[in-house]
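Chemist: This is what each chain is made of:
2 protein chains.
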Amino acid sequence: MRILLAEDDPDLSRQLKASLQDAGYVVDHAPDGEEAHFLGDTEPYDCVILDLGLPKIDGVSVLERWRRDGKTTPVLILTARGAWSDKVSGFDAGADDYLTKPFHTEELLARLRALVRRAAGHAQPLLVCGGVRLDPRAARASVNGEPLRLTSLEYRLLHYMMLHQNRVISRTELVEHLYDQDFDRDSNTIEVFMGRLRKKIGTERIETVRGLGYRLKPLHNEVSEI
Amino acid sequence: MRILLAEDDPDLSRQLKASLQDAGYVVDHAPDGEEAHFLGDTEPYDCVILDLGLPKIDGVSVLERWRRDGKTTPVLILTARGAWSDKVSGFDAGADDYLTKPFHTEELLARLRALVRRAAGHAQPLLVCGGVRLDPRAARASVNGEPLRLTSLEYRLLHYMMLHQNRVISRTELVEHLYDQDFDRDSNTIEVFMGRLRKKIGTERIETVRGLGYRLKPLHNEVSEI
DNA sequence: CAGAGCCCTAAGGAAAACTTAAAATAGCAT
DNA sequence: ATGCTATTTTAAGTTTTCCTTAGGGCTCTG
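Keeping their order, the protein sequence lines are chains R and Z. 96 is the number that this note's numbering gives to position 92 of the first sequence; each next residue is one higher, with no gaps. 224 is the number that this note's numbering gives to position 220 of the second sequence; each next residue is one higher, with no gaps.
The hints are simulated quantities; they were obtained by calculation from the structure and are not laboratory data. If you're wondering where the values come from, they're calculated on a predicted model, not measured in any experiment. Certain hints may be false.
A pair counts as met if it fits within one copy or between any two copies, since identical chains are not told apart.
[Claimed, not checked] EDC-like, lysine to aspartate or glutamate: derived pairs with alpha carbons at most 20 Å apart:
| id | residue 1 | residue 2 |
| --- | --- | --- |
| 1 | K75 | D139 |
| 2 | K21 | E39 |
| 3 | K60 | E38 |
| 4 | K221 | E150 |
| 5 | K221 | D139 |
| 6 | K204 | D73 |
| 7 | K75 | D45 |
| 8 | K60 | E226 |
| 9 | K221 | E177 |
| 10 | K203 | D36 |
| 11 | K105 | D62 |
| 12 | K221 | E47 |
| 13 | K105 | D45 |
| 14 | K203 | E177 |
| 15 | K21 | E110 |
I would like the entire structure built from these sequences, with the hints used as guidance.
Modeler: Below is the structure:
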């Protein structure tokens, strides 16, 4: 876990750096806004602790530049007591958290934990099967990067099969998961939809296992992927 | 944007609720921990403002229960001046931000903006989706630099969709976040407003996903994803 | 090679979404 | 307060989408 500490007060800097290192972080120190901006731009930090009253370039400006450049690293801002209007502008510039000096080191550490935890919790479950990708959060799928245009049932079918890829899935199982209880057992909808799906993602990708069901799998030449 | 305000002081509650509503939020109020826990459990809020000194069940306990149940709604905690050890335990219980009483309403609003924005995964204070821009601070939006003239509901609709762009958002989700508890479920307001928004920002930008909802996305030539 | 299992196509029909206009409500200034 | 305007909601009519059905042809297997 690597942290950028942008703070000009030498005493506070030394003390904070020590505490952070004790807590297991790797710490780089920037004594002014110019250095802070440069480091934040070039190095991949997990979090930045940014004092607003920095020499050369002030903290809010540094932050604004980063955000304008698309940096999303979490930033915790330090500010002097009572300068609450700084806070407002800092937040609106894209800060993720604030701390007023003087503060207890323990509180800073707690806030850091919260920030990093939050930033890391951004992993989204993306289903992949060869060149086929499905993002359940976005309700969207693609083949070889090309977005797929799927109807509701087609999507649900693909979703279920991606969740259970490489396994043979019976027609009954599919029906049970795609429809509610009462559904005409001897209907051929599943077959029809298999046909449509195949047409959209490539026939080869869904194998028919006669008498048992269907299996979704990557193409032969794709198997090595992920 | 729908918010739960859990605060027992009647004066402060009234004043805060008014300020929040002025700022365009839909606000539900819980005067004690029991009510707060119940509402937070049943309604989908975009953010919770939680006083630690609540009657019946105290704030930290309420928060702990939510987190144990897997709730990830951002929570901003209000606490009395000087009780900083509360903060630490509150953070570790899963709070996302802290504010010490007394505070400036403007600061609370700034922190709320930051929280909501962060929860949606945006570091930038300015929401961008292709040629559409929305500045939550100024409550302004534009298309290709051209300022948009939006009514209150149109704006809130666009705001919510920009926070969750590229994701399919159901009619239900929209209704739940744009209105408070009692709203007629089978009404077609959302459809009507989608029509109006589309007329203003361009039909292509809002894709309807039949049976699921709507998705706001950049135009084809503006960006490609997945 | 016969029969079961599967695939394909096209069209009917129903649900979902869109459009429009008018009624209801809220907001604002007089 | 009162009326005027802007906004929101309701409601009805229209269009679009796509789920389902059914029938003929194909393929695999015993």
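Chemist: What label fits K105 with D45 when the C-alpha limit is 20 Å: within, between, both, or neither?
Modeler: Answer is neither; intra-copy 26 Å and inter-copy 36 Å both fail.
Chemist: From the Cα coordinates, with 20 Å as the cut-off, is the pair K75 and D139 best called within, between, both, or neither?
Modeler: between (24 Å within a copy, 18 Å between copies)
Chemist: From the Cα coordinates, with 20 Å as the cut-off, is the pair K75 and D45 best called within, between, both, or neither?
Modeler: within (8 Å within a copy, 34 Å between copies)
Chemist: Which holds for K221 with E150 at a C-alpha limit of 20 Å: within a copy, between copies, both or neither?
Modeler: The answer is both: 18 Å in one copy and 16 Å across copies each meet 20 Å.
Chemist: For K21 and E110, with the copy left unspecified, which applies at a CA distance of at most 20 Å: within, between, both, or neither?
Modeler: Within one copy only: 13 Å inside, 32 Å across.
Chemist: Checking K203 and D36: alpha-carbon separation at most 20 Å within a copy, between copies, both or neither?
Modeler: Neither way: K203 and D36 sit 44 Å apart in one copy and 49 Å across, limit 20 Å.
Chemist: Classify it for me, K21 with E39: is the Cα-Cα distance of at most 20 Å met within a copy, between copies, both or neither?
Modeler: The answer is within: 16 Å in one copy meets 20 Å, while 43 Å across copies does not.
Chemist: Have a look at K221 and E177 and pick one of within, between, both or neither, based on CA distance no larger than 20 Å.
Modeler: within (18 Å within a copy, 34 Å between copies)
Chemist: Treating 20 Å as the Cα threshold, decide for K221 and D139: within, between, both or neither.
Modeler: both (17 Å within a copy, 15 Å between copies)
Chemist: For the identical chains here, do K60 and E38 meet the 20 Å Cα criterion within one copy, between copies, both, or neither?
Modeler: within (6 Å within a copy, 51 Å between copies)
Chemist: Between the shortest in-copy and the shortest cross-copy C-alpha distance, which are at most 20 Å for K105 and D62: within, between, both, or neither?
Modeler: within (17 Å within a copy, 28 Å between copies)
Chemist: Under a CA distance limit of 20 Å, which applies to K204 and D73: within one copy, between copies, both, or neither?
Modeler: neither (38 Å within a copy, 29 Å between copies)
Of the hints listed earlier, those the structure fails to meet are numbers 6, 8, 10, 12, 13 and 14, in rising order.
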